[in-house]
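Q: Make a model of the complete structure from these sequences and hints.
Chains A and B supply the protein sequences, listed in that same order. Using the numbering used here, you'd call the opening residue of the first sequence number 1 and step up by one each time. Using the numbering used here, you'd call the opening residue of the second sequence number 1001 and step up by one each time.
By construction, these hints were calculated from the structure, which means they are not laboratory data. We put the CB at the ideal spot given by N, CA and C, even for glycine. Please note that a few of the clues may not be correct.
Taking lysine-lysine and the DSS-like style, the derived pairs with C-alpha atoms no more than 27 Å apart in a straight line are [stated by the list, open to error]:
no. : chain 1 : residue 1 : chain 2 : residue 2
1   : B       : Lys1399   : A       : Lys22
2   : B       : Lys1157   : A       : Lys28
3   : B       : Lys1409   : A       : Lys22
4   : B       : Lys1051   : B       : Lys1102
5   : B       : Lys1399   : A       : Lys15
6   : B       : Lys1214   : A       : Lys26
7   : B       : Lys1281   : B       : Lys1241
8   : B       : Lys1241   : A       : Lys28
9   : B       : Lys1214   : A       : Lys15
10  : B       : Lys1102   : A       : Lys26
11  : A       : Lys29     : B       : Lys1157
12  : A       : Lys22     : B       : Lys1395
13  : A       : Lys32     : B       : Lys1399
14  : B       : Lys1409   : A       : Lys39
15  : A       : Lys22     : B       : Lys1396
16  : B       : Lys1412   : A       : Lys15
17  : B       : Lys1396   : A       : Lys29
18  : B       : Lys1399   : A       : Lys39
19  : A       : Lys26     : B       : Lys1300
Which bits of chain A does chain B cover? Going by a derived footprint, with three or more residues having C-beta under 8 Å, they are [stated by the list, open to error]:
no. : segment
20  : 30–36
21  : 46–55
Residues of chain A placed beyond 12 Å of chain B at every Cβ, according to the derived structure [as the list claims (entries may be wrong)]:
no. : residue
22  : Asp27
23  : Gly41
24  : Asn58
25  : Arg66
26  : Ala71
27  : Ser72
28  : Leu89
29  : Asn90
30  : Asp99
31  : His113
32  : Asn133
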Amino acid sequence: MKVENDDWFYTDEVKEHFMNPKNFLKDKKEVKNFNAYGKVGNMKCGDVMELWLLIEKNKIKDAKWRTFGCASAIASTSAMSEMIKGMTLNEALKLTAKDIMEKLKGLPAIKVHCSVLGDEALREAIKDYESNNN
Amino acid sequence: MATKKVTKKTKKHDKEIYFDYSATTPTRKEVLNEALPYFTEKFGNPSSFHKTGLVAKRVLQESRETIAKILNCEPVEIIFTGSGTESINMALKGIAFKNMIKNEGRGQGTFITQKTEHHATLETLQWLTKFGFNTIEIDVDTEGIVNLKQLKKDIRKNNQEGQPVLLVSIMYANNEIGTIQPIKEISEICHKEGVLLHTDGCQGAEYLDLDVTKLGVDMMTLNGSKVYGFKGTGLLFKKRKILIEPLIHGGGHEDSLRAGTENIPGIVALAKALTLAEKEKKKESARLNKLRNYMIKKIKKEIPRVLLNGSAKERLPNNVNFSFEGIEGESILLRLNEVGVRVSTGSACASQSLEPSHVLLAIGLPHGLAHGSIRFSLGKDSTKQKIDFTVRELKKSIKFLRMISPEWKGAKNKEAKK
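A: This is the structure:
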């Protein structure tokens, strides 16, 4: 990977989401405010991601998450949580790892699998919602 | 004395705090100054017959003698190389190629090493299996100390079963967890069985005894970049009677074992660096031992659910390595980096292969704890104040990362211990 920045390995966008992550679940008690839940893990590198959604009228009203993993895994979850708020479920299902990466202005090739977790967790949560509401 | 409570904000330490001396050291001023003239006015090639060349040849000879004295060997037994990695390659492949020449191009025999070795050793020996050699990696215990019984057994078994052991290669001290191997005992075992021993001494050079006669090693690798010398410099001590093939051909340099115009400034720097290390060894080791113990104690006291990796007793004076439950090492590393603290991790996330450290897996850590490991390696610049600042920032980073981690079940949760 080309080094473009002297004091930080990733892009500035990754840094901002990693150092000041948005929408993470501070307290487990908040869970009751949500009606959909997804959890995915990456067997290879051990990353784990949990996602809680509040879905109303087919729209994602709120999203919270927790992630175990490297900076890019944390940043990509944080970025995704901002992107999906306000999306309809159809829009959300179309969200790809590439979209999250673009929002972060890129990730090192070897780290791409980390951001893939975000959209997988999202699909899991939507699946959970649909199975509870059908 | 009354103390006023001040709210502390995360801010960058005014200077960087470097706790990664096992990755590399800066060059000491004394070392640099000693080497500088050999870049410019004394730039000669030791192979030239004129005066400019002779000046270089002379300092090459003097540097070799200086180092030979420190290692307690003959000057001719020192081969200068371009790195520790090269020296290791030279020792292992040098023996292997000699064997292949004898056996019409086919490798015959066994190399024995152990599981927490540097990749320079492990990958070289894996590669050599392509030529027919047998490679054995001996287990270590939970502190990272090599299993001597297994070593003895494996040497005997292979010697008897027609795959004679050509060389045992075991590091002096480990780069990640700082475990010091009982090299003297290992050399006694090897010699009793009539087998040669090479040791990778790169991490120990600054702090441990380098007397090759006392240690009983037949070959030893050292380098400049871990002892406040230059990167791109190294040496192999090799007992005179041991015959190896060179890796690099093209001239009679280094007793025809390593062709290429000698890196005179680097060699001068290496000699100076090892001289200073030898002179200050006792005092600096004692100073760092104290600081290391202070840091270990402080981390254990301040942060719940941590695990010290490596040995409490057989440990380099400058190594502190912890696993933090429920979080991942690269995240800790990068948050510390933001406040000016430089450390390293055994986490897969910070490796090119996305595999966690083979060292931590070898001492029996589950993947999760191997992921959550941080190495602090101390050095000349390390002080109690820097440790205090670092542990304070570490504590904050860990608290934050645990808060956003689904793997963190709380300080008292039994499940988290898995």
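Q: Next pair to validate is Lys1102(B) with Lys26(A); report whether the Cα-Cα distance is within 27 Å.
A: Violated, at roughly 68 Å.
Q: Can you tell me if the segment 30–36 of chain A counts as covered by chain B, using C-beta to C-beta distances under 8 Å and a minimum of three residues?
A: As far as the segment 30–36 of chain A goes, the hint is violated, because 0 residues have Cβ atoms under 8 Å from chain B.
Q: Decide if the proposed pair is consistent with the structure: Lys1399(B) and Lys39(A), CA atoms, cutoff 27 Å inclusive.
A: 22 Å, holds
Q: So if I understand the rule, the pair passes when the alpha-carbon distance is 27 Å or less; does Lys1281(B) with Lys1241(B) pass?
A: Not OK: Lys1281(B) and Lys1241(B) at ~30 Å, beyond 27 Å, violated.
Q: At 12 Å, judged by beta carbons, does Gly41(A) keep clear of chain B as stated?
A: Since the minimum Cβ distance to chain B is about 9 Å, Gly41(A) lies within 12 Å and the statement is violated.
Q: Given the hinted pair Lys22(A) and Lys1396(B), is their alpha-carbon gap at most 27 Å?
A: Given pair Lys22(A), Lys1396(B) holds - Cα atoms ~18 Å apart, limit 27 Å.
Q: Would Asp99(A) pass as off the interface with chain B, using Cβ distances and a cut of 12 Å?
A: 22 Å, holds
Q: Between Lys22(A) and Lys1395(B), is the straight-line Cα distance small enough, at 27 Å or below?
A: 21 Å, holds
Q: Please verify whether Lys1214(B) and Lys15(A) have alpha carbons no more than 27 Å apart.
A: Outside the cut-off at roughly 51 Å; violated.
Q: Measure nothing beyond the straight line between the CA atoms of Lys1409(B) and Lys22(A); if it is 27 Å or shorter, mark the hint as holding.
A: 21 Å, holds
Q: Tell me if the straight-line CA distance from Lys1396(B) to Lys29(A) falls inside 27 Å.
A: Holds, at roughly 23 Å.
Q: Within a Cα-Cα threshold of 27 Å, do Lys1412(B) and Lys15(A) meet the stated pairing?
A: 32 Å, violated
The structure shown violates the earlier hints numbered 2, 4, 6, 7, 8, 9, 10, 11, 16, 20, 22, 23, 25, 26, 27, 31.
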